[in-house]
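Colleague: Residues per chain, in single letters:
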Amino acid sequence: MAQTLAIRQFRFWLTNYRRTWRGSIYSSVLNPFLYLGAMGLGLGTLIDRHGTSSLGGVSYLAFLAPGLLAAAAMQTAMGESTYPVYGSVKWLKTYQAAISSPLRPADLFHGHLLWTTLRLTMNSAIFLVVMAVFGAAASPWVIVCLPAAVLTGLAFAAPIEAYAMICTKDTSFAMLFRFGIIPLFLFSGTFFPISQLPVYVRPLAYVTPLWHGVALCRSLSLGTAQLGTSAGHVGYLAAVTALGIYAGNRAYRRRLYA
Amino acid sequence: MAEPDILIRARGLTKVFGEFIAVDGIDFELSQGEVFGFLGPNGAGKSSTMRMIGCVSPRSGGELTILGLDPDRHGPAIRARLGVVPQEDTLDVELTVRENLLIYGRYFGLRRDVIRERTAKLLDFVQLTERADDEVEPLSGGMKRRLTIARSLISEPDILLLDEPTTGLDPQARHVVWDRLYRLKQQGVTLVLTTHYMDEAEQLCDRLVVMDRGKIAAEGSPRQLIETYSTPEVLELRFALEEQEQAADKLADVAAERIEVLADRILLYTADGDAALDSVRARGLEPVTSLVRRSTLEDVFLRLTGRRLED
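So the sequence lines, in the order shown, correspond to chains A and B. Residues in the first sequence are numbered from 1 upward in steps of one, following the working numbering. Residues in the second sequence are numbered from 1 upward in steps of one, following the working numbering.
Everything labelled a hint here was simulated from the structure, so no lab data went into it. There could be a bad hint or two in this list.
[Claimed, not checked] Over 12 Å on every C-beta distance to chain A, these chain B residues come out as not near it, computed from the model:
#	residue
1	D5
2	G54
3	E88
4	T96
5	F108
6	F125
7	L169
8	A173
9	R180
10	Q187
11	L241
12	L277
13	R283
14	V288
15	T289
16	V292
[Unchecked claim] Simulated restraints on C-beta separations:
#	chain 1	residue 1	chain 2	residue 2	range
17	A	R253	B	G306	46 to 52 Å
18	A	Q226	B	D133	55 to 61 Å
19	A	R253	B	G33	30 to 36 Å
20	B	G43	A	F33	42 to 48 Å
21	B	P232	A	Y83	56 to 62 Å
22	B	G43	A	Y17	37 to 43 Å
23	A	K169	B	R116	18 to 24 Å
24	B	D134	A	L186	44 to 50 Å
25	A	P147	B	D206	56 to 62 Å
26	B	G18	A	P183	35 to 41 Å
27	B	G18	A	V133	56 to 62 Å
28	A	G23	B	Q127	31 to 37 Å
29	A	G23	B	P58	36 to 42 Å
Predicted model, so just to flag it, every value in this text is computed and none were measured. Virtual Cβ for every residue (Gly too), placed ideally from N, Cα, C.
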């Protein structure tokens, strides 16, 4: 029963998406082209000229692309888990309507996580195709980047959604974006190896989920993945996701069952 | 179930928010096919009670059985058989009228063809057929409320819960909603409603409880309550402001069962309003306006609590 109830909410998001899918697909395709074109090819040509031994001897494009894939998953998660969730409880109050049906707060949460999983899969798959078009994938293992990127996204989606449920003002999201998402985007190894960071800052990068996602996707894309390290990354991301689901279950219940 | 016609039974039902006791140990029963009301001012605990019945707010104490089931353990199963019209509109204003019903029907696990069939009937019932494919956003308040009623009926519920169904509507829109609810009542649908409008309670309810500060002050049919707690007629007198106090003193010995001195008028509870007015005039008092009317639930509430319903 629990699964089928969550699926009813998943279907709601699917129905909802029918109104907005065109614009959404457009940016899902355009963004990887813009980033890989400007930074991978444009900036990359300059970097490659100076030698890429600190990148592991691969082209900047090949180094950057899997990192961006993971970072894009984080951004997708951020987009899906903030305003749509907050709006459902605060503006439209459709969540309040839904809990008068057989659905429970946790069903709404899990239904939305399922939906986010689908969005992450769509966007990551498109990103991988664009990577292939740019010739940025070095190893056939790159295909495993798809579940890796989805997991990275979920490690953000679940806790952010829990956070969205306890927020009382939407300005909280601007703060999260400014002080959370953007620093992670810039300093989690997406654009340069974190070995370039000062020694005392590096441990900070290790605890952020994005660094694990970037490292995992990059090692798969470059074909340098090792079982132990990869399992560590997956374990860490899965643990953060699980914590987020636990927190989200509580937050949904508290907000909707007063 | 021992008594299949008792749909809801509450004993000592309590809801506490921190230090605040919203619902303070109330007892009531709801029978199949009746229209049952909670009448009381804002903050009396009506909405908290409705949320507990709707299985979206766990009770803090007491017993509550809905359709023979415990809401703490069987929330989804109970909610599958309830229809809810919340106080605040919770429609998806970005979707069309028809899509709102589709989404909601799907929440109840109904098949699309079933929803389509019911949608046509329900939109006809709430007079929104012509707006079926319009977005909800631009609809008027009355239309949105009617759509919410249609939405609550999509699952063909055993009990329909309405929390302040006409609050915020203009008089004309209220009458349209009342008319629809009256038709549902005629069809034998079991309704539970909260209201702070005494005319709404009088028109729709077979039986009601008067709620005040989390407690039930009285219970009965509108007629029983009026007979028990008020007189057949009420004489309302308005005096010039500076004369009101004096007049009240002089009225003390007029043959009335009870006198209420309000801020703007004086109410004399009596069996014969015209006779009472004659005896007021016999004392040389000349009110600015006078009115003889039947007692209403407003008078019952005033008698029970010393306060007015709508402040």
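Colleague: Run every hint past the structure and note whether it holds.
Modeller: Now the hints, each set against the structure:
| no. | hint | result |
| --- | --- | --- |
| 1 | D5 | holds (24 Å) |
| 2 | G54 | violated (6 Å) |
| 3 | E88 | violated (7 Å) |
| 4 | T96 | violated (10 Å) |
| 5 | F108 | violated (6 Å) |
| 6 | F125 | holds (20 Å) |
| 7 | L169 | holds (18 Å) |
| 8 | A173 | holds (20 Å) |
| 9 | R180 | holds (19 Å) |
| 10 | Q187 | holds (21 Å) |
| 11 | L241 | holds (44 Å) |
| 12 | L277 | holds (50 Å) |
| 13 | R283 | holds (55 Å) |
| 14 | V288 | holds (47 Å) |
| 15 | T289 | holds (44 Å) |
| 16 | V292 | holds (45 Å) |
| 17 | R253(A) / G306(B): 46 to 52 Å | violated (40 Å) |
| 18 | Q226(A) / D133(B): 55 to 61 Å | holds (57 Å) |
| 19 | R253(A) / G33(B): 30 to 36 Å | holds (34 Å) |
| 20 | G43(B) / F33(A): 42 to 48 Å | violated (58 Å) |
| 21 | P232(B) / Y83(A): 56 to 62 Å | holds (59 Å) |
| 22 | G43(B) / Y17(A): 37 to 43 Å | holds (41 Å) |
| 23 | K169(A) / R116(B): 18 to 24 Å | violated (40 Å) |
| 24 | D134(B) / L186(A): 44 to 50 Å | holds (46 Å) |
| 25 | P147(A) / D206(B): 56 to 62 Å | holds (60 Å) |
| 26 | G18(B) / P183(A): 35 to 41 Å | holds (38 Å) |
| 27 | G18(B) / V133(A): 56 to 62 Å | holds (58 Å) |
| 28 | G23(A) / Q127(B): 31 to 37 Å | holds (35 Å) |
| 29 | G23(A) / P58(B): 36 to 42 Å | holds (41 Å) |
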